[in-house]
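Engineer: The lines below spell out each chain.
There are 2 protein chains.
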Amino acid sequence: MSTGFTIPNRLLLGPGPSNTPASVLAAMSQPTIGHLDPVFINMMDQIKQMLQVTFKTHNRLTMPVSAPGSAGMETCLVNLLEPGDQAIVAVNGVFGKRMVENVVRAGGVPIVVEFEWGRPVDPQRIKEVLNEHPQARLLAFVHAETSTGARSDAETLCCLAHERGVLSVVDMVTSWCGIEVDVDGWKADAVYSGAQKCLSAVPGIAPVTFSEKAADRIRTRTKPVQSWFLDMSLVMAYWAEGGQRAYHHTAPVNTLYAIHEALRLVLDEGLENRWARHKAAHEALVKGMESLGLSFLVEEPYRLPMLNAIKVPEGVNEAVVRNKLLTDYNMEIGAGLGPLQGKIWRIGLMGNNATVECANRAVSALDECLQALK
Amino acid sequence: MSTGFTIPNRLLLGPGPSNTPASVLAAMSQPTIGHLDPVFINMMDQIKQMLQVTFKTHNRLTMPVSAPGSAGMETCLVNLLEPGDQAIVAVNGVFGKRMVENVVRAGGVPIVVEFEWGRPVDPQRIKEVLNEHPQARLLAFVHAETSTGARSDAETLCCLAHERGVLSVVDMVTSWCGIEVDVDGWKADAVYSGAQKCLSAVPGIAPVTFSEKAADRIRTRTKPVQSWFLDMSLVMAYWAEGGQRAYHHTAPVNTLYAIHEALRLVLDEGLENRWARHKAAHEALVKGMESLGLSFLVEEPYRLPMLNAIKVPEGVNEAVVRNKLLTDYNMEIGAGLGPLQGKIWRIGLMGNNATVECANRAVSALDECLQALK
Chain A
1 MSTGFTIPNR
11 LLLGPGPSNT
21 PASVLAAMSQ
31 PTIGHLDPVF
41 INMMDQIKQM
51 LQVTFKTHNR
61 LTMPVSAPGS
71 AGMETCLVNL
81 LEPGDQAIVA
91 VNGVFGKRMV
101 ENVVRAGGVP
111 IVVEFEWGRP
121 VDPQRIKEVL
131 NEHPQARLLA
141 FVHAETSTGA
151 RSDAETLCCL
161 AHERGVLSVV
171 DMVTSWCGIE
181 VDVDGWKADA
191 VYSGAQKCLS
201 AVPGIAPVTF
211 SEKAADRIRT
221 RTKPVQSWFL
231 DMSLVMAYWA
241 EGGQRAYHHT
251 APVNTLYAIH
261 EALRLVLDEG
271 LENRWARHKA
281 AHEALVKGME
291 SLGLSFLVEE
301 PYRLPMLNAI
311 KVPEGVNEAV
321 VRNKLLTDYN
331 MEIGAGLGPL
341 QGKIWRIGLM
351 GNNATVECAN
361 RAVSALDECL
371 QALK
Chain B
1 MSTGFTIPNR
11 LLLGPGPSNT
21 PASVLAAMSQ
31 PTIGHLDPVF
41 INMMDQIKQM
51 LQVTFKTHNR
61 LTMPVSAPGS
71 AGMETCLVNL
81 LEPGDQAIVA
91 VNGVFGKRMV
101 ENVVRAGGVP
111 IVVEFEWGRP
121 VDPQRIKEVL
131 NEHPQARLLA
141 FVHAETSTGA
151 RSDAETLCCL
161 AHERGVLSVV
171 DMVTSWCGIE
181 VDVDGWKADA
191 VYSGAQKCLS
201 AVPGIAPVTF
211 SEKAADRIRT
221 RTKPVQSWFL
231 DMSLVMAYWA
241 EGGQRAYHHT
251 APVNTLYAIH
261 EALRLVLDEG
271 LENRWARHKA
281 AHEALVKGME
291 SLGLSFLVEE
301 PYRLPMLNAI
311 KVPEGVNEAV
321 VRNKLLTDYN
331 MEIGAGLGPL
341 QGKIWRIGLM
351 GNNATVECAN
361 RAVSALDECL
371 QALK
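Protein chains in written order, with the UniProt record's numbering: chain A, 1 to 374; chain B, 1 to 374.
Among the clues, some could well be false.
Since the list gives no way to pick one copy over another, a pair counts as held whenever it fits inside one copy or between any two copies.
Straight line, CA to CA, 30 angstroms or less: simulated DSSO-like cross-link-like pairs of lysine-lysine [what the hints assert, rightly or not]:
#, residue 1, residue 2
1, 324, 48
2, 287, 187
3, 311, 223
4, 213, 279
5, 127, 48
6, 97, 223
7, 213, 311
Keep in mind the hints are simulated off the structure, nothing from the lab.
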């Protein structure tokens, strides 16, 4: 039936995954050991510490969920919401919409605040909605909308929620390790991310962190969390510092080796240096795209460096261009989603790929494709 | 803070993970590619086909859930249950208990049928309970109880459910690829497994398969599945054969490389040969343990070959022995759980480790430890 497979050497300039460094792949292919082995538990402690540093938090409840970023979103929402709880959700792209879907499935009552796709969440509007709904349990929004490339002001939004005693839930899937995040400084209460974007580890893990206030909320629930697998009160016992580890589920041991090594690389580089590298790569891309006469979906002040939404020129079939890039250049870029389908390309310069060289390769390959298809 | 880590070369003879073959580790460390890349999608199709062969099923709805085995359990139960649905759950160990917990969290009404830990589920008793609850939505049980080493008669139990129009949900985490499973032949409706037991891939993936009847049940739900991440109607669109793939979540690309290679090794060996190898290793272990005067928790006809529960002799501290095995022999074996804590050791001979050599190493190491501690 099947006789193995050959993986092409792609340059991954889409919305994630990004290319994984060789040392991360090497770490992951070390021998599997038991999830209760003292050596593994020591590694878990190190992962937790490195997550705290990269999230800029002292939250004790900080850990990698054993599933992709979408499960991280679900973890935050199902642990904090009980049936009937109001949740204000800012929607300015696919992932805000997904948050609404998760709120509904958790039995919550979503208060949806819509913004134009490609625009940031407007703090003034959120302030009004918070005032209109003083009993809301939480405010959820996306820091870096992967579907549009827009950056919202997480600090101001978290602060608005905090002032009103409302919990903030922040999607940092695409921002973490690529631009500044400051969980404690911003007073964010529940944050989730993914491993395959600016961390450049392999996909399949969702780092999460919960403030003391959020942890209290979990402890004082009247009903158990609807998901057994994602119930933080159970997972906590497994990831607890020191003491006896309670078996919850079998951790994805080898994938966590990869996370450990990728986090080590981030700290080795330094967070500020990493953010600066993302910024420099983005600026090279902007310069190049503008030289081709192409423009960005998002206005300059709100652009994410790691996710660049480029408008598809009139008369160009975006899928033909993407396929040509994949086939002729081994280069993956992303398509638009939802209302932006066919209208934008999404070029990721994430983690390992946040370099001026990658930016320039994207510009010249796109230039050649557009010329060839004329 | 952290400067990498060194993984010891353990012999994993606990309840899983088992040791991962070198070619599986090598496959996993190939470069990451995009989850929508045609090369990856082709690999997904091959994985699906190999899952069908190993589960002995033609179920179209067969796929690897992007999370550990416990999430596979939750996937089966939350997709099939709606609030108020009755679910008959046979409990003869930890994993049956966990099923009850999942039923409750899904809003179902569990009808718990308890059996002594170490004994199989009694089909006669289940028949009575099925007759007492004709309106039950499903019957859930564990084929191979990892906490005790007892094998239940899945064929008979599924048949009983089928005759009454009740869906069967079967935990095959530990049995799959180690003893016969025959999903179509037994008319099992929803089955989940794990990758790190008799498949000897890395932990983090839960293969699942749903019969047409189970798929119909999902399609005719009145309320959406409470979990967005585990909603099969959404995941289906991503794993659908041919046609357009809908983006649902970022698949754990590298882990799926490992699954692909591990499945290829199973088919290369042949299912029957693999089962025979597990049986031979178990028989060597039985012979060796009996020569040491040690006895098994489970009666002979119900013993699983891949999970051997050995009674701890009077006056022996089981944890001291396990720690000595780990420290002095680099050998992991498992402890008892729940009411069996302190009373049994669990010796796994799973997948790659189902060999007479591993069985003999376990016997002689245990012998030496017990002698040394006298």
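Engineer: Hint by hint, note whether the structure agrees.
Structural biologist: The hints, checked one at a time:
1. 324 <-> 48: between (42 angstroms within a copy, 28 angstroms between copies)
2. 287 <-> 187: Classified as neither; 35 angstroms inside a copy, 61 angstroms across copies.
3. 311 <-> 223: neither (47 angstroms within a copy, 39 angstroms between copies)
4. 213 <-> 279: neither (33 angstroms within a copy, 53 angstroms between copies)
5. 127 <-> 48: For residue 127 and residue 48, the Cα distance exceeds 30 angstroms both inside one copy (34 angstroms) and across copies (48 angstroms).
6. 97 <-> 223: both (26 angstroms within a copy, 19 angstroms between copies)
7. 213 <-> 311: neither (42 angstroms within a copy, 46 angstroms between copies)
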